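J.: Each chain is listed here by its residues.
2 protein chains.
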Amino acid sequence: MSIAETYQQVIAWSKDVSLAGAIFEMLDWDLQVNLPKKGFARRSDQLAWIQGQRHRRLTDKEMVAKVYELADRMNELDADAQVNVREWKRALDRATKAPVELVEEIARHNSLTQGVWIEARKNSDFAKFAPYLEKTVDLQKQLASAWGFARPYDGLLDANEPFATEASIRALLDDLKARLVPFLHRIFGAKQYDASPIVGRNFPVDKQREFGLAVIGKLGFDFDGGRQDVSAHPFCTGTKGDVRITSRFFADDPRPSLFGMIHEAGHAMYEQGLPDDRLGTPLGESVSLGVHESQSRFWENIVGRSIPMWRYFYPEIKKAFPAALGDVPLETFHRCVNVVAPSLIRVEADEATYNLHIILRFEIERALLAGELRVADLPAAWNAKMKEYLDIAVPNDAEGVLQDVHWSLGSLGYFPTYTIGTLYGAQLWDKIRADMPGLEALIARGEFAPLLEWLRQHIHRYGKRYGGDELIERATGKKPTAEPFMNYLREKFGPLYGV
Amino acid sequence: MSIAETYQQVIAWSKDVSLAGAIFEMLDWDLQVNLPKKGFARRSDQLAWIQGQRHRRLTDKEMVAKVYELADRMNELDADAQVNVREWKRALDRATKAPVELVEEIARHNSLTQGVWIEARKNSDFAKFAPYLEKTVDLQKQLASAWGFARPYDGLLDANEPFATEASIRALLDDLKARLVPFLHRIFGAKQYDASPIVGRNFPVDKQREFGLAVIGKLGFDFDGGRQDVSAHPFCTGTKGDVRITSRFFADDPRPSLFGMIHEAGHAMYEQGLPDDRLGTPLGESVSLGVHESQSRFWENIVGRSIPMWRYFYPEIKKAFPAALGDVPLETFHRCVNVVAPSLIRVEADEATYNLHIILRFEIERALLAGELRVADLPAAWNAKMKEYLDIAVPNDAEGVLQDVHWSLGSLGYFPTYTIGTLYGAQLWDKIRADMPGLEALIARGEFAPLLEWLRQHIHRYGKRYGGDELIERATGKKPTAEPFMNYLREKFGPLYGV
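Chains A and B, in that order, are what the protein sequence lines are.
Mapping of the first sequence onto this note's numbering: residues 1 to 499, in sequence order.
Mapping of the second sequence onto this note's numbering: residues 500 to 998, in sequence order.
Derived from the structure by calculation, the hints contain no laboratory data.
Source: prediction; values computed, not measured.
Where a beta carbon is used, it is the ideal one built from N, C-alpha and C, also for glycine.
Where hints are given, some of them may not hold.
Claimed, not checked - Subject to a maximum C-alpha distance of 25 Å in a straight line, what follows is the list of computed PhoX-like cross-link-like pairs (lysine-lysine):
id	chain 1	residue 1	chain 2	residue 2
1	A	Lys15	A	Lys89
2	A	Lys492	A	Lys191
3	A	Lys218	A	Lys431
4	A	Lys38	B	Lys514
5	B	Lys717	B	Lys596
6	B	Lys676	B	Lys884
7	A	Lys15	B	Lys706
8	B	Lys717	A	Lys37
9	A	Lys37	B	Lys514
10	A	Lys318	A	Lys128
11	A	Lys38	B	Lys717
12	B	Lys930	B	Lys977
13	B	Lys596	B	Lys560
14	B	Lys930	B	Lys717
15	A	Lys15	B	Lys817
16	A	Lys207	A	Lys318
17	B	Lys560	A	Lys61
18	B	Lys706	A	Lys207
19	A	Lys431	A	Lys61
20	B	Lys537	A	Lys218
21	B	Lys817	B	Lys991
22	A	Lys385	A	Lys177
23	A	Lys478	A	Lys177
24	A	Lys218	B	Lys536
25	A	Lys15	A	Lys61
26	A	Lys122	A	Lys135
27	B	Lys621	B	Lys886
Unchecked claim - Some chain B residues flagged as far from chain A (calculated, every beta-carbon gap over 10 Å):
id	residue
28	Ala519
29	Ile522
30	Ala689
31	Pro696
32	Ile697
33	Gly719
34	Asn882
35	Lys884
36	Arg955
As the list claims (entries may be wrong) - A short, non-exhaustive set of chain B residues, derived as facing chain A with CB atoms under 8 Å:
id	residue
37	Lys536
38	Trp548
39	Ile549
40	Arg553
Could you build all of it, start to finish, from the sequences and the hints given here?
T.: Here it is in structure tokens:
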């Protein structure tokens with residue numbers, strides 16, 4: 001068989017594996033959006049079944065051998081094929097190198113641990129969770145080692161953010177922390193304002209939905225290739241042609257639905273911008289969680305909470321909620337969607353303090369994996385960092401170290417991707433403004449197409465061709481740093497807080 | 500391996516095949532209810548993929564051998580296991596006996612033919628469709644013969660209505676026709692009325708939905724184990740725990756949504772009544788299309804269009820549509836939902852004339868398969884029967900012989916199940932009334948639980964234990980005949996039309 005024939009066979013296999021993945025996503029979307037309560041048991045059987053089918057296909061011995069054969073003959077392949085083979089091999093390394101017994105033990109342990117975490121959080125009982133987390137750390141170390149990583153945290157990071165390493169992330173986040181903590185402390189010391197001019201008023205949910213849909217449609221979400229629904233936790237799923245986002249609504253506060261929809265639409269527009277003709281292969285897939293987050297946070301925060309955005313949309317949102325916003329000036333509304341304040345809970349944090357929640361988690365994960373921190377000492381470490389970075393006292397572990405689901409699912413090395421994405425997004429913004437001098441005027445006129453087109457050309461169309469750092473460096477001409485994000489924060493919040 | 504072990508392995512296989520089927524149904528439901536238009540290409544790949552996986556699992560050589568082994572040792576099994584083995588064997592006979600080349604040719608031909616039919620119907624051009632239908636008849640004959648049926652139509656009927664034969668169906672339908680045609684001709688000759696007192700008024704769609712949901716909830720549809728959505732064509736799908744129905748709405752006529760919802764809820768309540776502990780095996784599956792239709796038409800027509808039903812619900816529907824129904828007396832409304840009149844199109848026909856549309860199709864299919872009618876003579880035969888049975892002239896083939904999708908999909912032997920279900924339903928009604936003398940008073944008080952419970956006990960809980968005729972005979976003490984249905988029609992429409 002010629003190498004071209006082998007490659008075509010592997011392409012067909014890749015599309016097959018991808019189809020099974022898409023079916024899983026669809027069933028899971030339906031579970032979160034539609035499923036009646038008596039349907040859960042059988043749906044979980046369906047999810048397990050399709051996941052099993054996908055795994056069986058992914059690790060089909062004959063196809064695995066073909067992928068490794070292609071990897072051995074990499075120099076005979078063209079540039080596109082090299083990318084696909086590189087990524088297939090990375091996926092197979094991960095799927096086949098760990099012993100089945102370890103994988104099964106991790107699955108059992110995580111499933112058990114999630115139940116324990118729910119109870120522990122309810123009772124703010126870290127001691128109950130601690131032995132499980134200890135075992136999680138141990139199992140995840142074994143996993144990263146089986147994958148062939150000398151430093152366990154490198155392996156776990158790489159699973160979420162390809163080619164990222166502990167050293168590369170640490171350099172970025174240390175730099176960010178050194179700049180961000182003093183800046184935020186200046187804000188915390190300045191005159192405060194809050195969102196009380198709008199929160200607590202009446203924002204009918206159907207109008208929120210209607211307005212939100214109009215906004216994301218204007219930004220560039222393609223409703224012929226996607227849809228929006230309601231679920232308990234907002235998310236984005238699916239692939240080009242059928243990308244679905246979900247939202248949740250609160251009648252006394254339009255911000256969660258509105259910025260949630262813009263955030264998820266940011267994820268969705270990335271998926272919608274992937275190249276059609278590569279669907280089902282790595283060149284047709286998004287790079288990483290970090291690059292995904294660079295898109296969602298870009299649209300949510302940098303664009304979505306900007307003054308030009310609201311110069312355009314404020315008359316529209318006033319029409320949607322005349323009673324609630326009739327007496328609220330644009331500048332007041334803009335402040336209400338740009339409050340910076342210390343808070344206990346990561347998912348409720350604003351775009352500036354959010355990153356300190358992440359840095360804290362990164363530092364703790366890193367130290368746990370390196371054996372520099374014992375699980376038993378985790379609450380004390382957590383609370384000390386909350387005090388140091390955010391100047392806030394943690395009243396109990398439920399609102400502290402037990403707040404997030406990630407560790408209970410065995411997900412270590414995931415948190416940093418949120419901040420990586422934030423930094424990437426700000427660096428893109430810098431470059432886009434340099435490339436398009438009239439950009440803010442365009443936005444203030446409701447013209448978002450050139451902005452989306454820039455992202456399509458410089459980010460979306462590449463699929464998995466480059467890792468996150470390389471993609472951002474190619475798009476902006478500079479290696480990723482914290483500098484553009486700090487400039488963005490200073491430019492935006494300096495005037496708002498007079499600091 | 501012991502026979503008990505073999506049986507347990509086959510049970511696991513059966514559940515696996517059923518899971519794959521449920522995933523297919525879910526993806527297809529989503530296609531009809533949710534899918535954005537750019538998602539269709541990839542969804543059809545997903546449907547083909549899961550169908551392929553299901554077929555591969557169904558026809559797994561090792562499992563097929565085990566099923567046939569169990570079938571050979573039937574007398575060593577208990578009664579429940581005997582039913583499952585009988586049904587597994589029937590399914591495998593069908594799935595494995597036809598040569599792959601024939602199955603593939605049929606798939607290709609049907610897919611081609613559907614496109615031709617769409618065009619032919621649009622242009623009312625039967626000649627264009629005819630050669631394709633000729634081939635369909637030929638291929639379906641080959642299929643039935645490969646399955647081992649001496650009479651081809653027996654094989655095709657059996658695929659839709661297990662254990663039904665051309666002779667058994669013909670006896671039932673000939674008997675029905677002999678009684679129904681003269682009765683309907685008396686109605687056609689009597690003073691006519693129509694639905695104009697309500698149709699054309701304003702019935703807001705959201706109110707229709709709200710009222711329809713309240714009605715089916717009251718009848719016994721379990722919303723914890725099912726849901727209702729909107730689609731272009733109403734249908735019911737899913738299995739116990741997650742049974743989904745769909746509806747369509749017209750703002751000037753509440754009848755399609757209302758009776759459509761009751762009809763689909765009838766299907767759904769059957770699925771919801773199947774035994775939990777048999778899920779994924781034949782004992783947890785519905786018997787047949789005919790038995791399904793006996794439930795849907797029972798609730799839609801016999802209960803749903805009855806006077807006792809509206810004695811209870813009429814005050815409620817007047818509250819939902821005060822402007823449209825405020826001046827309409829109950830008796831007028833009842834007539835409006837019980838108009839009997841000849842019509843060209845089967846899917847728009849009333850419950851009485853509907854069965855003549857079916858008898859006509861049955862007679863034509865039967866004659867085609869027996870070689871007694873040439874495809875070229877089909878329009879003439881169709882139009883003659885329409886004249887004879889319904890006293891109606893067919894203006895063109897689009898509204899005549901080309902109106903239904905079934906034949907274009909290769910579905911021969913499907914139509915009769917609609918009328919079988921109608922007859923079964925009326926025979927059940929007879930017996931239920933005998934068992935529950937106060938039934939109509941219960942219904943008029945909105946108490947539907949005893950009625951549903953009767954169906955649960957006498958129909959739903961048996962799964963596929965008996966074929967349709969046997970199930971009805973066991974439930975009613977009599978072999979199925981047309982008599983109860985004719986009595987029902989006379990009792991209901993005699994007074995309405997004064998005949």
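J.: With reference to the structure, classify each hint as holding or not holding.
T.: Checked hints:
With a C-alpha separation of about 15 Å, the suggested pair lysine 15 of chain A and lysine 89 of chain A falls inside the 25 Å cut-off, and the hint holds. Pair hint lysine 492 of chain A plus lysine 191 of chain A holds up; C-alpha atoms about 16 Å apart against a cutoff of 25 Å. For the proposed pair lysine 218 of chain A and lysine 431 of chain A, the alpha carbon gap of about 23 Å is at most 25 Å, so the pair holds. Annotation: proposed proximity of lysine 38 of chain A to lysine 514 of chain B holds, straight-line Cα distance about 18 Å (limit 25 Å).
A hinted pair counts as satisfied when its Cα atoms are at most 25 Å apart, and lysine 717 of chain B with lysine 596 of chain B does not qualify at roughly 46 Å. Note on lysine 676 of chain B and lysine 884 of chain B: the hinted pairing holds, with a Cα-Cα distance of about 12 Å set against a maximum of 25 Å. With a CA separation close to 45 Å, the supplied pair lysine 15 of chain A and lysine 706 of chain B exceeds the 25 Å bound. Between lysine 717 of chain B and lysine 37 of chain A the alpha-carbon distance is near 19 Å, which keeps this suggested pair within the 25 Å criterion.
For the suggested pair lysine 37 of chain A and lysine 514 of chain B, the alpha carbons sit about 21 Å apart, so the restraint of at most 25 Å is met. Proposed proximity of lysine 318 of chain A and lysine 128 of chain A is contradicted: the alpha carbons are some 50 Å apart, above 25 Å. Only pairs whose Cα atoms come within 25 Å are accepted, and lysine 38 of chain A paired with lysine 717 of chain B is accepted, the gap being roughly 19 Å. Between the alpha carbons of lysine 930 of chain B and lysine 977 of chain B the distance comes to roughly 10 Å, so the proposed pair stays at or under 25 Å and holds.
At most 25 Å may separate the alpha-carbon atoms for a hinted pair to count; lysine 596 of chain B and lysine 560 of chain B meet this at roughly 13 Å. In summary, the hint linking lysine 930 of chain B to lysine 717 of chain B is supported, as the alpha carbons are separated by about 23 Å, within the 25 Å threshold. About 55 Å separates the Cα atoms of lysine 15 of chain A and lysine 817 of chain B, which puts this hinted pair outside 25 Å; it is violated. For the suggested pair lysine 207 of chain A and lysine 318 of chain A, the alpha carbons sit about 11 Å apart, so the restraint of at most 25 Å is met.
Taking the CA atoms of lysine 560 of chain B and lysine 61 of chain A, the gap is about 21 Å. The hint holds against a cut of 25 Å. The hinted pair formed by lysine 706 of chain B and lysine 207 of chain A meets the criterion: a straight-line CA distance of about 19 Å does not exceed 25 Å. Distance check on the hinted pair: lysine 431 of chain A and lysine 61 of chain A sit about 46 Å apart at the alpha-carbon level, beyond 25 Å; violated. Straight-line distance between C-alpha atoms of lysine 537 of chain B and lysine 218 of chain A comes to about 19 Å, which keeps the hinted pair within the 25 Å bound.
For a cut-off of 25 Å, the pair hint linking lysine 817 of chain B to lysine 991 of chain B stands: about 24 Å separates their Cα positions. Straight-line distance between C-alpha atoms of lysine 385 of chain A and lysine 177 of chain A comes to about 12 Å, which keeps the hinted pair within the 25 Å bound. Proposed proximity of lysine 478 of chain A and lysine 177 of chain A is supported: the alpha carbons are some 20 Å apart, at most 25 Å. This hinted pair checks out: lysine 218 of chain A and lysine 536 of chain B have alpha carbons roughly 19 Å apart, not beyond 25 Å.
A distance of roughly 17 Å separates the Cα atoms of lysine 15 of chain A and lysine 61 of chain A; the hinted pair therefore holds under the 25 Å criterion. Between lysine 122 of chain A and lysine 135 of chain A the alpha-carbon distance is near 21 Å, which keeps this suggested pair within the 25 Å criterion. With a C-alpha separation of about 23 Å, the suggested pair lysine 621 of chain B and lysine 886 of chain B falls inside the 25 Å cut-off, and the hint holds. Listed as a non-interface residue, alanine 519 of chain B fails to keep its Cβ farther than 10 Å from every Cβ of chain A; the least gap is roughly 7 Å.
In this structure isoleucine 522 of chain B is not separated from chain A by more than 10 Å, as the shortest Cβ-Cβ distance comes to only about 5 Å. The beta carbon of alanine 689 of chain B is kept farther than 10 Å from every beta carbon of chain A, the shortest such distance being approximately 46 Å. Taking the minimum C-beta to C-beta distance to chain A, about 34 Å, the non-interface status of proline 696 of chain B holds against the 10 Å cut. At roughly 29 Å, the least C-beta separation between isoleucine 697 of chain B and chain A is larger than 10 Å, which holds for a residue marked as non-interface.
Even its closest Cβ contact with chain A, about 15 Å, leaves glycine 719 of chain B beyond 10 Å, as expected for a residue assigned away from the interface. At roughly 43 Å from the closest C-beta of chain A, the C-beta of asparagine 882 of chain B stays outside 10 Å, upholding its exclusion from the interface. The non-interface label for lysine 884 of chain B is consistent with chain A: the shortest C-beta to C-beta separation is roughly 44 Å, beyond 10 Å. For arginine 955 of chain B, the shortest C-beta to C-beta distance to chain A comes to about 16 Å, beyond the 10 Å cut-off, and the non-interface label holds.
A cut of 8 Å between beta carbons decides the hint on lysine 536 of chain B: the least distance to chain A is about 5 Å, and the hint holds. At its closest, the beta carbon of tryptophan 548 of chain B sits 5 Å from a beta carbon of chain A; the interface hint therefore holds under the 8 Å criterion. Because the smallest distance between the Cβ of isoleucine 549 of chain B and any Cβ of chain A comes to about 6 Å, under 8 Å, the interface hint for this residue holds. For arginine 553 of chain B, the shortest C-beta to C-beta distance to chain A is roughly 11 Å, which exceeds 8 Å, and the interface hint is violated.
Checked against the numbered hints given earlier, this structure breaks hints 5, 7, 10, 15, 19, 28, 29, 40; the rest are met.
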